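If you use our numbering, the sequence shown corresponds to residues 1 to 683, in order.
None of these hints come from the bench; they were simulated from the model.
There may be inaccurate statements among the hints.
Claimed, not checked - Simulated crosslink set (DSSO-like; lysine-lysine; CA at most 30 Å straight-line):
| no. | residue 1 | residue 2 |
| --- | --- | --- |
| 1 | Lys90 | Lys403 |
| 2 | Lys559 | Lys74 |
| 3 | Lys564 | Lys235 |
| 4 | Lys358 | Lys378 |
| 5 | Lys378 | Lys634 |
| 6 | Lys403 | Lys497 |
| 7 | Lys90 | Lys117 |
| 8 | Lys241 | Lys564 |
| 9 | Lys74 | Lys349 |
| 10 | Lys235 | Lys188 |
| 11 | Lys634 | Lys614 |
| 12 | Lys564 | Lys634 |
| 13 | Lys129 | Lys349 |
| 14 | Lys188 | Lys135 |
| 15 | Lys349 | Lys497 |
| 16 | Lys378 | Lys349 |
| 17 | Lys403 | Lys614 |
| 18 | Lys497 | Lys564 |
| 19 | Lys564 | Lys596 |
| 20 | Lys559 | Lys596 |
Claimed, not checked - Beta-carbon label-pair distances, calculated as ranges:
| no. | residue 1 | residue 2 | range |
| --- | --- | --- | --- |
| 21 | Gly357 | Lys235 | 46 to 54 Å |
| 22 | Val554 | Asp239 | 58 to 66 Å |
| 23 | Thr551 | Gly466 | 45 to 53 Å |
| 24 | Pro542 | Ser189 | 47 to 55 Å |
| 25 | Val635 | Gly657 | 18 to 26 Å |
| 26 | Pro281 | Gly149 | 22 to 30 Å |
| 27 | Ala260 | Ala191 | 12 to 20 Å |
| 28 | Thr620 | Lys235 | 31 to 39 Å |
| 29 | Lys235 | Glu351 | 40 to 48 Å |
| 30 | Ala71 | Pro532 | 31 to 39 Å |
| 31 | Gly466 | Lys235 | 42 to 50 Å |
Computed from a predicted model, the values in this text were never measured in an experiment.
A virtual CB, placed ideally from N, CA and C, is assigned to each residue, including glycine.
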Amino acid sequence: MLPTRPSTARLAGTAALALLTLHGCGGGSSGSGTPPRETPAVAEGTRTTVALLETTDLHNNVLSYDYFRLAEDKSLGFERVATLIQQARKEYPNHVLLDNGDTIQGSALADYQALVKPLSCDQTLAMYKVMNALKYDGAGVGNHEFNYGLPFLNQVTGSRFEVDGVAAGTPCAGPDFPLVLSNVVSLKSGAPLFSPWRILTKTFTATGPDGRAVAVPVRIGIIGFTPPAIMAWDKRWLDGKVATRGVVESAQRYVPEMRAQGADLVVAIAHGGLDDSPYHPDMENASWHLARSGGIDAMLIGHSHQVFPNPGSTVPQFNLPGVDKARGTVHGVPTVMANYWGRHLGLIKLELVFHDGKWSVDTNRTQVEARSTQQADKSYVEVAPEVARAVEAEHQATIAYVKTPIGSTDFRMNTYFADVGDVSAIQVVNQAQAAYVADYIAANLPQYAALPVLSVSAPFKSGFGGGSDYTDVAQGQLAINNAADLYLYPNTVYAVKVSGSELRAWLETAAQRFNRIDPARSDDQWLISGFPGYNFDVLTSPDLSYEIDVTQAVGSRIKELRYKGQPLAADAQFIVATNNYRASGGGGFPGLDGSKTVYASPDANRDVLIAYIKANRDLTRAANGSARSWRFSKVATQGRVLFKSAAGQLALAHAAGLSTVSVVNNDDGSGKNLAVYAIDLQQ
């Protein structure tokens, strides 16, 4: 339950808009067991319960399927959250189903329909097709909606943008529900690109003061906001065509309009997280300030790919002053964030009371929750089968697309021996990340233009699950799905600014991958520790070199750290391309806590890698797979230094120049297809 706060609900207007969805109608009984009856006016003391349902950051994941791995992934997909929607509708006949944005981009299916085989005007985007079938009531617009440019967005949303470069004409097929966005305006017309707000008139079942069921109108206003940072993220599409306004300024302008037009409730669909730093109109995550702007009854937030409410969350934005992560409020405003990729359904239950001629929210009975598609026993809810049936043709076409070659490699790209120096599957990732960040800085961050750009990546698949748990991309053609083998996780590219001493500390932390080796011991010693392979960050720059001395204690292992042949100065400054996980504190690397981030990209590392391969086409070991920045410090050991990798792969170590690696036993006895190898650290 939530504490009482002053309600902002207002008197219902007399004019009613058309009912937008069949599922929005109240139906059945309302406590008395009698069918609802129409009444010309709402009686004093009438009560009704309304559920606001939210999806957010779906990123075009229509199905529970990973197109990069060409395999089912039960942890994601609209077809599973659709089941939660259907369940919630049975529980709450009075409901409003809304989407928060970042809906049309983010999967191979999205790229296929936007870039590979663009839709014709009469075709509906697969994502919107299934949302139409689920009878959404409305949606906001996220930053990723702009990734394919304004002409595409105009087409697939069935809009009529008055924007330079967008042809006027009859609207194309799009969603059957309104999209709202209040803080992006056309420079040509001065008007908002989409409707800034809409009022949805819903007929709900309620209980009258006499205990009988009645049908009542409730006017629910929805208003949308997107991060103003779209002007930087998608500058190539938006510059000179649109402008953004501050989230708070837009709310202060339009919320009073909505009230004047008779909105009983105002629901903010804010595609942004929470940030309590001083407000400014370009703020990316302004929802903390939005909640204090006045006139908003509930907030649906997103963009951060998190779950709120969540009592156990350690995410900084949910531990700010005024944020109740257990009850789901921000400055008293009920607020929900439903994770991403269809993993959760957000739900805000509001109980309304008609008093003194207007609807008021009984805040003592308000409840907020985020419902997961993963159940208590770790299984997942079943899919809604009609979703897959609706997009079968698009799904099969996308599978064929991701199998299409985008380039080639003259060497086998693998991580079997990444722990001992092979960078065949790491260097191209670093090259892609570094080029992407360097290009962005050159175009948008002139204050950092003089700083060298480095990149780190890790062998994400390094044998934890056995001999099959390694990256292994065959020599020959490269297809889009190979990018998933090279970059396993759905991270986004981040860039951080670090000093020479901070870079050294970064590498010292990564060197925890190794046990301390005692050269005097005559027995066998194991090289690899329990430190995760995905935290073994590796540089592959020809300008930077270093040694790892595994005979030294943790924190004292990085030796001969040089930049362009000279010892690296502690006060030297660098930009390092990495991912959101690492830059924001993932792995516990010293100093990497989010404070050093200079660019938080909206683009996935995997997508950046795909674009890089497409641009460079033919990868070679000399250019893309042999720039090893680090070596083990030479040391003579009395006994053998051993490590494990997949069986039968010694030739790959030698092909990568690791001639000091030898086979000890082709079967380690674990039954996991692992072999025991030795490395001679003296050479």
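Hint check:
As the CA atoms of Lys90 and Lys403 are separated by approximately 41 Å, the hinted pair breaks the 30 Å bound. Restraint check: the Cα-Cα separation between Lys559 and Lys74 comes to about 45 Å, which exceeds 30 Å; the hinted pair is violated. Distance check on the hinted pair: Lys564 and Lys235 sit about 34 Å apart at the alpha-carbon level, beyond 30 Å; violated. Restraint check for Lys358 and Lys378: the C-alpha separation of about 44 Å exceeds 30 Å, so the hint is violated.
A threshold of 30 Å between alpha carbons decides the hint, and for Lys378 with Lys634 the separation of about 47 Å lies outside it, so the pair is violated. For the proposed pair Lys403 and Lys497, the alpha carbon gap of about 37 Å is over 30 Å, so the pair is violated. Between Lys90 and Lys117, the direct Cα distance comes to roughly 38 Å. Violation of the 30 Å bound is thereby established for this hinted pair. With a C-alpha separation of about 43 Å, the suggested pair Lys241 and Lys564 falls outside the 30 Å cut-off, and the hint is violated.
Only pairs whose Cα atoms come within 30 Å are accepted, and Lys74 paired with Lys349 is accepted, the gap being roughly 28 Å. Straight-line distance between C-alpha atoms of Lys235 and Lys188 comes to about 17 Å, which keeps the hinted pair within the 30 Å bound. Pair hint Lys634 plus Lys614 does not hold up; C-alpha atoms about 39 Å apart against a cutoff of 30 Å. Pair hint Lys564 plus Lys634 holds up; C-alpha atoms about 22 Å apart against a cutoff of 30 Å.
For a cut-off of 30 Å, the pair hint linking Lys129 to Lys349 stands: about 27 Å separates their Cα positions. About 33 Å separates the Cα atoms of Lys188 and Lys135, which puts this hinted pair outside 30 Å; it is violated. Between the alpha carbons of Lys349 and Lys497 the distance comes to roughly 44 Å, so the proposed pair goes past 30 Å and is violated. Note on Lys378 and Lys349: the hinted pairing holds, with a Cα-Cα distance of about 26 Å set against a maximum of 30 Å.
Between Lys403 and Lys614 the CA atoms are separated by roughly 14 Å; this keeps the pair inside 30 Å, and the hint holds. Of the supplied pair hints, the one linking Lys497 and Lys564 holds, its CA atoms being roughly 19 Å apart against a limit of 30 Å. Our distance criterion of 30 Å between C-alpha atoms is met by Lys564 and Lys596, whose separation comes to about 24 Å. With a C-alpha separation of about 25 Å, the suggested pair Lys559 and Lys596 falls inside the 30 Å cut-off, and the hint holds.
With their beta carbons about 49 Å apart, Gly357 and Lys235 fall inside the hinted range of 46 to 54 Å. In this structure the supplied range 58 to 66 Å is violated for Val554 paired with Asp239, their Cβ-Cβ distance being about 48 Å. Judged by the Cβ atoms, the range 45 to 53 Å given for Thr551 and Gly466 is violated: they are separated by roughly 30 Å. Separation of Pro542 from Ser189 is about 51 Å and conforms to the stated range, judged on CB atoms against 47 to 55 Å.
Between Val635 and Gly657 the beta carbons are some 19 Å apart, a value that agrees with the proposed interval 18 to 26 Å. Hint check: Pro281 to Gly149, Cβ distance near 24 Å, so the stated range 22 to 30 Å holds. Taking the beta carbon of each, Ala260 and Ala191 are about 19 Å apart, inside 12 to 20 Å as hinted. Thr620 and Lys235 have their C-beta atoms about 33 Å apart, which keeps the hinted 31 to 39 Å range intact.
Lys235 and Glu351 have their C-beta atoms about 45 Å apart, which keeps the hinted 40 to 48 Å range intact. Checked against the given bound of 31 to 39 Å, the beta carbons of Ala71 and Pro532, roughly 23 Å apart, lie outside it. Between Gly466 and Lys235 the beta carbons are some 45 Å apart, a value that agrees with the proposed interval 42 to 50 Å.
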